[in-house]
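Student: What follows is the residue order along each chain.
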Amino acid sequence: MKFDINKNILFTDKGVPIKKLHCPYDSSWDDMQEQSHSKNRFCALCEREILDTQNISEKQLILAVKKDDKTCLKIDFHQTNIELVAVYER
Amino acid sequence: MNDELASCILVTGKMSKKDFEKQDLFVIDKNGAATDIYEDIEWGEKIRVYRRRFGFDIHGEALTVIETGRSIDGINAATKNKFSASFRRLIPSADLYERYGVFQNKATGEIAVASDYKTYERHGEIRYDTELWDLVLPFDNYYPHHFPNPFAAYLIPPNLKTGQRVVIKDLIEDFYGGEFWDRKIRLETLEAIWDGNDLNIDYVPGRDGRNHAVG
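These protein sequence lines map, in sequence, to chains H and F. With our numbering, the residue at position 31 of the first sequence is 32, and numbering never jumps. With our numbering, the residue at position 74 of the second sequence is 65, and numbering never jumps.
Hints listed in this document are in silico derivations from the structure and should not be mistaken for laboratory results. Take these hints with a grain of salt, some might be off.
Unchecked claim - Covered stretches of chain H, as calculated for chain F (at least 3 residues, CB under 8 Å):
(1) 28 to 35
(2) 51 to 62
Stated by the list, open to error - No farther apart than 30 Å at their CA atoms in a straight line, the calculated lysine-lysine pairs in the DSSO-like style are these:
(3) F/Lys109 <-> H/Lys71
(4) F/Lys71 <-> F/Lys160
(5) H/Lys71 <-> F/Lys175
(6) H/Lys20 <-> H/Lys3
(7) H/Lys21 <-> F/Lys109
(8) F/Lys175 <-> H/Lys8
(9) H/Lys68 <-> H/Lys20
All residues carry an ideal CB built from backbone N, CA and C; glycine is no exception.
Model the full structure from these sequences, guided by the hints.
Tutor: Structural data, given as structure tokens:
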């Protein structure tokens, strides 16, 4: 997967957009409640579990977003399964 | 390339020198060496560049850490060991002031402090409806950070070279690092460059303080 750090869009390896990350509260992962059953965290503002994309495959992620397009994701800029991409206009 | 020290970025399209410098990027040259010299790079389609990790140089070496003396005793101890002291006054930044008001519940008498009639805390939205709560102390702004003295000094080791990039562990100056749930973040650490006389702090709003995305 690839994540465009300028536009906050997550793409598949082939460049198909999966989701644009947008949080109206500009929330931070560090302040969310940890979950005992997974690496995900709970955002109390939207009362949603935020999916940690660190150990998840592209296929699993696409399925999760297809099932619920409001699924919130967390992408660490240093995780190894997502390549950071910067797209600049010519 | 050690993935622990640099994350890879694939650039499509043309990147300007300003973009390159602003995002703290470097590339691997034909000889396999890391370089941040922009002029040597022919920009085009699909250039593989790397983002330098905070606190490390492009070769993966940890940067020198600059300590801060916040007490006279601490500064004197450092100068006895041949460190020089680069003094700064503490000047509160208007960007870091917080808002507060005091509410009292009309029925129970309970006191609560909040930044607005509607606030966002760790466990969700809290409302102070005027039917239930009185604003007994009107809203005002305050500076929420406390330090032992109105001045402090960066403690410069004697062997620092002109142009050397370092990490400042405990920033004296205020740098705004974003907001979360009505609270403003004061950056604690940033990198700086020693120009032979002073430290020039490398702060880029929008870049510093951001290491992940949520949404």
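Student: Each of the hints needs a verdict: does it hold here or not?
Tutor: How the hints compare with the structure:
With a cut-off of 8 Å between beta carbons, the stretch 28 to 35 of chain H has 5 residues touching chain F; three or more are needed, and the interface restraint holds. Given a C-beta distance limit of less than 8 Å, the hint that chain F covers the stretch 51 to 62 of chain H is violated, as 1 residues qualify and 3 are needed. Between the alpha carbons of F/Lys109 and H/Lys71 the distance comes to roughly 24 Å, so the proposed pair stays at or under 30 Å and holds. Between F/Lys71 and F/Lys160, the direct Cα distance comes to roughly 21 Å. Compliance with the 30 Å bound is thereby established for this hinted pair.
This hinted pair checks out: H/Lys71 and F/Lys175 have alpha carbons roughly 27 Å apart, not beyond 30 Å. Of the supplied pair hints, the one linking H/Lys20 and H/Lys3 holds, its CA atoms being roughly 11 Å apart against a limit of 30 Å. The hinted pair formed by H/Lys21 and F/Lys109 meets the criterion: a straight-line CA distance of about 28 Å does not exceed 30 Å. As the CA atoms of F/Lys175 and H/Lys8 are separated by approximately 24 Å, the hinted pair is consistent with the 30 Å bound.
Using a Cα cut-off of 30 Å, the hinted pair H/Lys68 and H/Lys20 holds, with the two alpha carbons roughly 13 Å apart.
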